[in-house]
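**Student:** Sequence:
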Amino acid sequence: MIADCAGRLKWVSPALPGSTHDLTAAREHGIIDALADKGVMTFSDKGYQGAGGTVRTPDKRHHPRPALSRNQKAVNRSHAKIRALGERANATLKTWKVLARLHCCPQRATPLLAAIFVLQLIEEQRQPG
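Numbering follows full-length UniProt numbering, with no gaps: position 94 of the sequence shown is 94.
Simulated from the structure, these hints should not be mistaken for lab results. Everything numeric in this text was worked out from a predicted model, so none of it was measured. Certain hints may be false.
With a straight-line Cα cutoff of 25 Å, these simulated DSS-like cross-link-like pairs (lysine-lysine) come out [unchecked claim]:
#1 K10 with K46
#2 K10 with K73
#3 K10 with K38
#4 K94 with K10
#5 K73 with K46
#6 K94 with K73
#7 K81 with K94
#8 K97 with K10
#9 K60 with K73
#10 K81 with K10
#11 K97 with K73
#12 K46 with K81
#13 K81 with K38
From just these sequences and the hints, can you work out the full model?
**Tutor:** And the structure:
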């Protein structure tokens, strides 16, 4: 899924089989390249390290290297604040109880996700502000 800086859903990917890693899914759907082509800065978690393009991830300590510097920690805090806004969209998806109980093939899950996405957009338009 992709969210804007206000935490609103902007795109939900078709479901993939099994426990596909987020970065693998983003690459398979062409998200990394599409965002880079448009110059869209993207703030992601440490799981996206090495994604390339315009994807920004927090600094990560690699053992046995020394701890992160004060500056790196400050950058990570700023990164987390920005990312937290987008994480709101993920939390919004989790409010749909049907997704927690969903145990079916990706071909069936994809239309359900698309319907939830549309319903969420309608709900956001109804809310003032």
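**Student:** Taking the hints in turn, state whether each one holds.
**Tutor:** Outcome of the hint check:
For the hint linking K10 to K46, the alpha-carbon distance of about 22 Å falls within 25 Å, and the restraint holds. This hinted pair does not check out: K10 and K73 have alpha carbons roughly 30 Å apart, beyond 25 Å. Of the pairs offered as hints, the one joining K10 and K38 holds, with about 15 Å between alpha carbons and a cut-off of 25 Å not exceeded. Between the alpha carbons of K94 and K10 the distance comes to roughly 16 Å, so the proposed pair stays at or under 25 Å and holds.
Distance hint between K73 and K46 is fulfilled; the C-alpha atoms sit about 14 Å from each other, no more than 25 Å. Distance hint between K94 and K73 is unfulfilled; the C-alpha atoms sit about 29 Å from each other, more than 25 Å. Between K81 and K94, the direct Cα distance comes to roughly 20 Å. Compliance with the 25 Å bound is thereby established for this hinted pair. With a C-alpha separation of about 20 Å, the suggested pairing of K97 with K10 holds against the 25 Å cut-off.
With a C-alpha separation of about 10 Å, the suggested pair K60 and K73 falls inside the 25 Å cut-off, and the hint holds. Between K81 and K10 the alpha-carbon distance is near 19 Å, which keeps this suggested pair within the 25 Å criterion. Our distance criterion of 25 Å between C-alpha atoms is broken by K97 and K73, whose separation comes to about 36 Å. Between K46 and K81 the alpha-carbon distance is near 14 Å, which keeps this suggested pair within the 25 Å criterion.
Between K81 and K38, the direct Cα distance comes to roughly 23 Å. Compliance with the 25 Å bound is thereby established for this hinted pair.
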